[in-house]
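2 protein chains.
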Amino acid sequence: MSNSSLDFIFHPQSVAIVGASENVAMLSGNYVQHLVNYGFKGNIYPINPKRPTIFGVKAYPDLKSIPGNIDYVIDCIALEDTPALLAACSQKGVQLVHVFAGRAAETGHKDSIELEQKILQVARQYGIRLIGPNCLGIYCPGVGLSTGWDFPKEPGTVGAAIQSGGNSTDLVRWGALRGMRFSKVISYGNALDLNESDFLEYLAGDPETRVIMCYFEGVKDGRRFFDILRSAARQKPVIILKGGRTRAGSKAASTHTASLAGSYNMWSIMIKQAGAIQALNFDDWVDLGVAFSMVSPIKGTRVGITGGGGGRSVLSADECEEMGFDVVPLPSDIREQIREKAPIIWDWVGNPVDVSIMRGTSIGNAEVLTMMAKHPDFDFLIGQITEDIPSVPDDFMPKVHNEVDGYIQIFKGGLKPIVVVQSEKSLGINEFSNWRWRLFAEARTQFVEAKVPFFPTIGRAARAVKEVINYYQRKGS
Amino acid sequence: MSNSSLDFIFHPQSVAIVGASENVAMLSGNYVQHLVNYGFKGNIYPINPKRPTIFGVKAYPDLKSIPGNIDYVIDCIALEDTPALLAACSQKGVQLVHVFAGRAAETGHKDSIELEQKILQVARQYGIRLIGPNCLGIYCPGVGLSTGWDFPKEPGTVGAAIQSGGNSTDLVRWGALRGMRFSKVISYGNALDLNESDFLEYLAGDPETRVIMCYFEGVKDGRRFFDILRSAARQKPVIILKGGRTRAGSKAASTHTASLAGSYNMWSIMIKQAGAIQALNFDDWVDLGVAFSMVSPIKGTRVGITGGGGGRSVLSADECEEMGFDVVPLPSDIREQIREKAPIIWDWVGNPVDVSIMRGTSIGNAEVLTMMAKHPDFDFLIGQITEDIPSVPDDFMPKVHNEVDGYIQIFKGGLKPIVVVQSEKSLGINEFSNWRWRLFAEARTQFVEAKVPFFPTIGRAARAVKEVINYYQRKGS
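Residue numbers (numbering that gives the first Met the number 0), protein chains in the order written: chain A, 0 to 476; chain B, 0 to 476.
Incorrect hints may appear among the rest.
Pairs count within a copy or across copies, as identical chains cannot be separated in the list.
Claimed, not checked - Quick list of in silico lysine-lysine cross-link-like pairs, DSSO-like style, CA-CA up to 27 Å:
| id | residue 1 | residue 2 |
| --- | --- | --- |
| 1 | K373 | K250 |
| 2 | K63 | K465 |
| 3 | K298 | K271 |
| 4 | K298 | K235 |
| 5 | K415 | K40 |
Don't read these hints as lab results, they were simulated from the structure.
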C-alpha cells in the first residue's frame with residue numbers, strides 16, 4: 000500500500016465514533032464533543048445502540064444503520080471487539096480505523112499480542128488502514144479533528160508524528176502557549192499497521208507542514224525508516240525526541256507501546272547522519288519546535304543582546320559565547336548614536352546592554368536593540384525582558400511595555416531575526432493576582448499574538464538558535 | 000580587621016539612609032519604605048535637608064543632628080560626596096556604610112577609579128567598613144532589612160553572597176516562589192572593602208545559615224578565597240554560580256563590577272577541589288538552592304517515580320538513568336499489593352508508574368508512591384504531577400488533588416526523601432483565569448506552604464538531587 004495516499008486520513012467527509020458515550024471522563028465521550036467543538040464540517044456519526052443522541056448529535060445503533068459511506072472510524076470499544084468491527088467497516092467503505100483501546104501488546108500478555116496480530120490480519124484482509132492501537136489519534140485543526148480540550152483551533156505549520164498520546168497532547172498544549180500552531184499531530188501508539196515511517200513520509204510531502212516533530216520509542220523497519228528520515232530531513236527540519244534511551248527507559252517503552260527501543264547510540268548516529276535534529280529532552284524539543292517554526296533563518300553567529308541588569312548581562316554573554324556565538328563589541332557608530340542621548344554611558348555601555356546603567360538617560364533596551372537591528376555587525380538579536388528593577392509598579396511597568404513593544408516592532412520590521420527571552424516561573428495562586436506576574440503574562444500574550452518566538456531562558460534560546468544556524472549552514476553547503 | 004566580627008552588620012540598632020527621598024522609582028526612596036515594611040525594630044533615620052519627614056518617618060538634615068550613635072548607614076548620595084560623608088560618619092560611631100551608588104570603577108573612567116580608592120582610604124582611616132559601591136546591600140528578613148519589594152518576611156536558612164544586585168533580587172524573588180527562605184543575602188558589588196571572602200567566611204560560621212549560595216564575577220585575593228571556600232564547604236553546602244566564564248562574559252563583568260573574571264577552568268578546578276558545588280546556569284543555581292535547603296539528605300541512587308502517562312514515564316526513566324540513578328524494577332511485594340486493588344495491571348505496571356494504565360482501577364499515583372515510601376528498595380522518590388489527561392475538569396481535578404495531597408503526606412511522613420515535579424509554563428494572561436492553570440498554581444502554593452521541594456522538570460530535579468547525593472557521599476567518606 001502506497002504511503003503517498005495517506006492524505007485521505009486528514010480529509011474525511013464523515014467520521015463515525017464507535018462506542019460513543021456521554022461519559023465526559025472517557026475519550027468515547029470526548030471525541031464527539033471535539034468534532035463539534037473544533038468545527039468538523041463533514042458528517043458526525045456517534046454509534047451507540049442504547050441512545051438516540053450523544054451530546055445532541057443523532058446516534059446510530061451500528062455502522063450499517065448509517066446512510067451512505069463512512070471514511071473514518073474512531074474505535075472506542077474494547078480491543079477484543081475490534082475484529083468484528085473491522086468486518087462491519089468493510090461493508091461501509093471505511094478506509095481508516097483509529098483504534099483507541101490500549102491494554103494490547105504493551106501489557107506483555109500473550110493473548111493481547113495474539114489479538115493485535117488478528118486485528119492486523121483482518122484489517123489487511125479488508126484493505127482497511129489502522130492507526131494504533133493504544134493511541135489518541137489525530138489532531139488536525141484545519142479539518143476539525145482533535146484529541147484534546149482547549150487546543151488551538153487555528154492551524155499552523157508544525158506537523159508531528161508521536162508514539163505517545165500524552166506526549167502528543169503535551170506538545171500541543173505546551174507548544175501552543177509558546178505560539179506554536181500545528182498542521183497535523185498524529186498519536187499512533189503501537190503502530191500495528193501505519194507506523195512512524197508512514198507518517199514521517201507523509202509529513203515530509205505535506206505542503207501544510209513546514210517543520211516535523213517526532214517522538215519515537217521504537218521503529219518497525221530501521222532500513223526503511225532511515226531512508227525516509229534522510230529524505231524528509233532534506234526537505235524540512237525534522238526534530239526528534241527519542242524515548243527509551245536507557246535500560247530503564249527501554250523497559251518502560253516496552254510496557255508503554257510494546258516498542259523495542261534499540262541502541263540510543265545507534266539512534267544518535269542515525270539522526271545525525273540523516274541530517275535531522277535531536278532534542279535533548281521534552282523542553283528542548285518544544286524549544287526547537289518554536290525555533291524552527293517561528294524564528295527567521297539565521298545564517299551567522301554574531302549576536303546583539305539586551306535586557307536585564309549587569310549580572311544578567313554577564314551570564315547572558317557567557318551562555319551565548321559558550322554556545323559558540325560571537326558576542327561582538329558594541330560598534331563605534333552605535334556608541335556615537337548613544338552618545339547623543341546618553342553621554343554618561345556612551346563609552347561604558349556594551350553588548351550585552353546592561354539596562355541598569357541606563358537609568359536617568361533617555362534610552363532603553365528597545366532603542367539600543369533597534370540600533371543593532373539596523374547595523375550590519377549583527378546576524379541576529381536576543382531581546383530579554385527586564386524582569387525586576389528595584390522600583391515600584393508605576394515606574395517599572397512602562398519600562399517593560401517599552402521593551403515588549405520595541406521588541407515586537409523589531410520582529411515586525413524584519414531587518415534581523417530576533418528571539419525574545421522571558422522567564423517561566425513557578426507561580427502560586429496568589430501570584431495570579433499580582434501586578435508583576437500579570438504584567439509578564441500580558442507580555443507573553445502579546446508575543447503569541449504577534450507570533451514572536453520567545454524562550455524561558457537565554458541558555459535555552461541560545462541552544463535552539465544554535466540548531467537553527469547549524470541547520471541553515473548544512474542546507475547552504 | 001577580623002572577619003569574625005561581621006555579625007554587627009546584621010544586627011544594627013539604628014539605620015540612617017543618607018540621601019533618602021520620596022521618589023519611589025529610586026532606591027533612595029525604597030530603602031526607607033523597606034525598613035518600615037519589613038519591620039525593622041531599631042531606629043530609622045532618613046537624612047534629607049529639605050524635608051521634615053520621608054514617608055511619614057521623621058527626617059534629619061544631616062547625620063550630626065541625629066541624637067545618639069548610628070550603626071549602619073545606607074549611602075544613597077553621589078559617589079563623589081561619599082568621602083565627606085565618611086568623615087561625618089566617623090563622628091557618629093558608624094561601623095558600616097553601604098555605598099549604593101555605582102558609576103564607579105566599573106565605568107573604566109580614570110577619575111572614578113581614583114575616587115573609589117580615595118573612598119577606601121578614608122574609610123580605613125576612620126575604621127569604617129564598606130559594602131559596595133555599586134550594590135543593593137543587605138536583605139535580612141529576620142531584622143527587617145530588605146533590598147526589594149515583596150520579598151518573604153519569613154526568614155530561612157539560605158545565606159547568599161552575590162556580587163550582582165540584579166542576581167541577588169532574582170534569587171530571592173524566584174527562589175521564594177519555589178519555597179526558599181533566606182537568612183542573609185548580601186549584594187556587595189565592587190567589593191572595595193568587604194569582599195566575597197569576608198562574606199563567605201561569615202556565612203560559613205553563621206548558625207542561621209545552613210546553605211550558602213554565591214554569585215561571583217571575580218575575587219580580590221585568590222589564595223585567601225580558596226582557603227575560606229574550602230573551610231566553608233567543609234561546614235555546609237556552598238553553591239557557586241560563576242559569572243564571567245568566557246571572553247565576552249569577562250568583558251561584561253569588567254564593566255559591571257570592575258571584576259577580573261579569571262580563567263573559568265581554574266575556577267572550576269578550585270570549586271571542585273574545595274568541595275563546593277558548581278551551578279551550570281541561573282536556573283540550576285536556584286534548583287540546587289532548593290535541593291540543598293529543602294530536600295532531606297539522600298544517600299543512595301535507587302529511585303521510585305510516579306506521575307504522567309506512558310511517554311512521560313519513558314522519558315522520566317531515561318533522564319533518571321542518564322543522571323546515574325538506579326530506576327529499580329517494581330518490587331514483587333508491591334506488585335502483590337497492587338494485585339489486590341488492580342488485578343488488570345499488577346504484572347504490567349512498572350517503575351516509573353504510568354498513570355494512564357491505572358484508569359478504571361481503585362489506585363493512583365499517590366497510593367503507589369506511598370507503597371514505595373514504605374519499601375526498603377528505594378532510596379528516594381520523585382512524585383510528578385500529572386498535568387494532562389484526556390478528560391474534563393470534574394474528572395481531572397480530583398485526580399490532581401489526590402496526587403498533591405498524597406505527595407505532601409509522603410513528605411510529611413518522612414519515611415523517604417521525596418521531590419515533586421511540576422511544570423512551569425509560559426502562561427499568557429488568559430491562562431490566569433483558566434481552571435487548569437489555577438489548579439496547578441494552587442498545587443504550587445500547597446507545596447510551598449508544606450515546604451515540599453519541587454522542580455519544573457524531572458531532568459532538573461534529577462540533576463539537583465544528584466548533587467545532593469554526591470555531597471552527602473563526599474561528607475560520608
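message: Within, between, both or neither: how does the pair K63, K465 come out at a Cα-Cα threshold of 27 Å?
response: neither (55 Å within a copy, 59 Å between copies)
task: At 27 Å max between alpha carbons, let me know whether K373 reaches K250 within a copy, between copies, both or neither.
output: between (53 Å within a copy, 24 Å between copies)
- prompt: Between copies, within a copy, both or neither: which fits K298 and K235 at Cα up to 27 Å?
  reply: Intra 16 Å, inter 47 Å, cutoff 27 Å: intra-copy only.
- prompt: For the identical chains here, do K298 and K271 meet the 27 Å Cα criterion within one copy, between copies, both, or neither?
  reply: Within. Shortest intra-copy distance 20 Å satisfies the 27 Å Cα cut-off; inter-copy 38 Å does not.
message: When Cα atoms must be at most 27 Å apart, do K415 and K40 count as within-copy, between-copy, both, or neither?
response: So K415 and K40 fail the 27 Å test inside a copy (41 Å) and across (54 Å) alike.
In this structure, the earlier hints numbered 2, 5 are contradicted, and the remaining ones agree with it.
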